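Between the sequences and the hints, there should be enough to build the whole structure, so can you do that?
As a plain string of letters, each chain reads:
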Amino acid sequence: MTLLTVEDVHKRYGREEVLKGVSLTLNRGETKVVIGPSGTGKSTLLRCVNRLTEPDSGRIWLENVEVTSAKTDINHIRAQIGFVFQDFNLFTHLTALDNVRLGLVSVKKLPKKEATDRAMAELERVGLRHKAKAYPAQLSGGQQQRVSIARALAMDPKLILFDEPTSALDPELIGEVLAVMIRLAEEGMTMIVVTHEMGFARSVADEIVFMEGGVIVEHGPPDRLFRSPEKPRTAEFLRRISELYGQEGR
Amino acid sequence: MRKALVLVTAAVLGLGLVAVGQRAPKYVVGSDINWAPFEWASAKGQYLGFDLDVMRAIAVLEGFEIEIVDMPFDSIIPAVVAGKVDIGASGFTITAERGEVVTFSQPYWKSDQAVVVRVGSGLTKEKALEAGRKVGAQRGTTGALWIEDNLVPQGVVLVEYETYPEAVLDLLAGRLDAVVQDVDPSKMAVAQYPGKLEIAGLIETGEEFGFLVALGDPKGILPKIHAGIAKLKESGAWDLLIEAYFGPSLAKIEAAWEKCISILLGEKNPLKYAQALLAEVKK
Amino acid sequence: MFPSPSFPLTAETWLRVGPYIPVLLRGLGVNIQILLGLIALGFVVGILIALLEVYAPRPLAFVGSAYAWFFRGVPEIVLLFLFYFGLSRTFNIPVSPFLAAVLALGLRSSAYQAQIFRGALLSIPHGQMMAARALGLGPVRAIFHVILPQALRLSLAGWSNEFSSVLKDTTLAWGIGVVEVMRQAAYIRGRDFPLTLPIYLTVAFMFLVLTYAGNWAIGAVEKRLRVPGLETRR
Chain A
1 MTLLTVEDVH
11 KRYGREEVLK
21 GVSLTLNRGE
31 TKVVIGPSGT
41 GKSTLLRCVN
51 RLTEPDSGRI
61 WLENVEVTSA
71 KTDINHIRAQ
81 IGFVFQDFNL
91 FTHLTALDNV
101 RLGLVSVKKL
111 PKKEATDRAM
121 AELERVGLRH
131 KAKAYPAQLS
141 GGQQQRVSIA
151 RALAMDPKLI
161 LFDEPTSALD
171 PELIGEVLAV
181 MIRLAEEGMT
191 MIVVTHEMGF
201 ARSVADEIVF
211 MEGGVIVEHG
221 PPDRLFRSPE
231 KPRTAEFLRR
241 ISELYGQEGR
Chain B
251 MRKALVLVTA
261 AVLGLGLVAV
271 GQRAPKYVVG
281 SDINWAPFEW
291 ASAKGQYLGF
301 DLDVMRAIAV
311 LEGFEIEIVD
321 MPFDSIIPAV
331 VAGKVDIGAS
341 GFTITAERGE
351 VVTFSQPYWK
361 SDQAVVVRVG
371 SGLTKEKALE
381 AGRKVGAQRG
391 TTGALWIEDN
401 LVPQGVVLVE
411 YETYPEAVLD
421 LLAGRLDAVV
431 QDVDPSKMAV
441 AQYPGKLEIA
451 GLIETGEEFG
461 FLVALGDPKG
471 ILPKIHAGIA
481 KLKESGAWDL
491 LIEAYFGPSL
501 AKIEAAWEKC
511 ISILLGEKNP
521 LKYAQALLAE
531 VKK
Chain C
534 MFPSPSFPLT
544 AETWLRVGPY
554 IPVLLRGLGV
564 NIQILLGLIA
574 LGFVVGILIA
584 LLEVYAPRPL
594 AFVGSAYAWF
604 FRGVPEIVLL
614 FLFYFGLSRT
624 FNIPVSPFLA
634 AVLALGLRSS
644 AYQAQIFRGA
654 LLSIPHGQMM
664 AARALGLGPV
674 RAIFHVILPQ
684 ALRLSLAGWS
694 NEFSSVLKDT
704 TLAWGIGVVE
714 VMRQAAYIRG
724 RDFPLTLPIY
734 LTVAFMFLVL
744 TYAGNWAIGA
754 VEKRLRVPGL
764 ETRR
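Protein chains in written order, with our numbering: chain A, 1 to 250; chain B, 251 to 533; chain C, 534 to 767.
Errors might be hidden in some of the hints.
To be verified - Lysine to aspartate or glutamate pairs mimicking EDC-like chemistry, simulated, CA-CA at most 16 Å apart: (1) A:Lys-20 to A:Glu-218; (2) B:Lys-522 to B:Glu-493; (3) A:Lys-109 to A:Asp-98; (4) B:Lys-294 to C:Asp-725; (5) B:Lys-502 to C:Asp-725; (6) B:Lys-437 to C:Asp-702; (7) A:Lys-113 to A:Asp-98; (8) A:Lys-20 to A:Glu-63; (9) B:Lys-276 to B:Glu-317; (10) B:Lys-375 to B:Asp-467; (11) B:Lys-446 to C:Asp-725; (12) B:Lys-384 to B:Asp-420.
Because the hints were derived from the structure by calculation, they are not lab data.
Computed from a predicted model, the values in this text were never measured in an experiment.
And the structure:
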């Protein structure tokens, strides 16, 4: 069953067109992993989905609501779509607990007690209940990213967008974040993940999307796409990645 | 956070309401209350002086209320022009220049200028005002204007001050050779430094003081002031007030004023007040 | 020249200052009232102007900048006259000297406070706003819950400078006839010239105490609100 539909989205920054007509559909419970060289519009695509970046043209639906319509309450849409940033963007002045609780209280209007219980449960889920009172500056990068995942989860999102969630982390901290994401995928969360973690992509993705130059070059199940890519550009990218990180990616 | 903002906003609005509420339907009298014995503040901060008591007595006699407001001398005429103040009562010399923007009452006082010097400086009036001397005066006063017109072209250096006491202090400190000011405040200053200051002589400018109101007297205040002064003079209260205010020490006047003022404001009897005040300062 | 016979600083003059202290304190009370009013007004307006400058579209942001330019550029005493004489004359609004002082000094302070807040707002990473919006917070909520709490913490150091500076500015209110501590001091000097120096030294001491107390209070607030990762740069 289709949850998200992206139809012919274009985005231009000045002279450069970063998205040249991208379309995709995402089913409920599906995990899509978007790979491709840097600067090919992967992050822009994610930001267009909840209109953190305003697309120039094209249409996007969440279920049967058109996200790109001017009549749509975009704040209501965003509350249903989790977003995990590359550099976490935890609210600096709030504790881990308050970071998770802010959306529950201010957007979902939950009573404080209920919001607190829910936030604690989400921190538990990412293994950071004991850090509830810590401020972001007192947490490691991996812990911060797990709090930011808890912040997204607390809103009961229909899907979560991950924008290179491990790229800003020291290598030894990547594993703990990936572990959380893998468990989410297994639990049936709908996700789009932009990443360079090929091992993660191979083991978790239902479908791999390869983007380059603002278009989707090729997409398909990971087994097929990694073993026998149809397009030479895909093959070239995979070859360079494996040279850099070894057979499994990083 | 939001609660704090609300409180802050309420506080700001509240200030406005209080200020509006303070405006009562009466005449506002503007005076630079730092010019004894015409107007000054007592040790307790109460406003007294010849000008102010005359205004209070006129208000009693003519049946209006006054609110005395202290302000810088230079600001009084602008405030009258702006309609902030109804009456200026601050020893204003009547001049044609001022007459173009405000309207004066009939004169109520005649004054000359005094030249104050340090005791032992050996300066006569003439020597104190020679070319090259530094002479101080309060900005905007007749004394300053007179020096500007008559002495500066001869080579006298005029030093202007915001207030009269500053000029006196600079004279004491030796930074000035003389200070020119109206006779009565000059006497008061000399009395504060016995053996240190003296009046070297008088400059007969023959200036006259008047109360002032907005140009053309749109509120019809001047007839009341004139009627009030006439009644005070007729009853003899006027001369008693002059005797009480010009001569005795400030401390004595303050003590007497505090004792007697209720006769004027409470019993509303100007003559009885003037008699009591004089008797008290003479004790 | 100091201290000379005309400015005696003897035990006798100091003893004579004593009875005047209540009068001076009454005057100082007026300065404190002006201070609280102007700081509050400057705070609210300052934040609004800073938000306009940083977040509003071009024409509105320009209005904010022009406002700040005007109130920073015109001397305090001129502003006081404009508000006291100008408002009533031009618009026929009755303004007491006290209210005019609060308005003039408060709006002037708002221009300076806006500069402090603006710097703080600009120093907050764009990602904070993005994350707030991504959660579904509208722009106003995002500013109130995420941006301002951080910006205000970062502003506290600059804000305590502004506090010390406007505290001294309150003495200018005498220019439009507000009887505050400097005027009370002038009264005393007017009836007792030899007390000039001790009286003004007393006033100076009062202001030093007030400045110290104010900065101590701001420091206490700062300590209370301190968050790791958001330390104010001193």
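Hints versus structure:
1. A:Lys-20 to A:Glu-218: Holds: Lys-20 (chain A) and Glu-218 (chain A) sit about 15 Å apart, inside 16 Å.
2. B:Lys-522 to B:Glu-493: OK: Lys-522 (chain B) and Glu-493 (chain B) at ~15 Å, within 16 Å.
3. A:Lys-109 to A:Asp-98: Holds, at roughly 14 Å.
4. B:Lys-294 to C:Asp-725: 13 Å, holds
5. B:Lys-502 to C:Asp-725: 13 Å, holds
6. B:Lys-437 to C:Asp-702: 35 Å, violated
7. A:Lys-113 to A:Asp-98: 12 Å, holds
8. A:Lys-20 to A:Glu-63: 24 Å, violated
9. B:Lys-276 to B:Glu-317: 7 Å, holds
10. B:Lys-375 to B:Asp-467: Violated, because 41 Å separates the two Cα atoms, which is more than 16 Å.
11. B:Lys-446 to C:Asp-725: At roughly 15 Å apart (the allowed maximum being 16 Å), Asp-725 (chain C) and Lys-446 (chain B) satisfy the hint.
12. B:Lys-384 to B:Asp-420: 11 Å, holds
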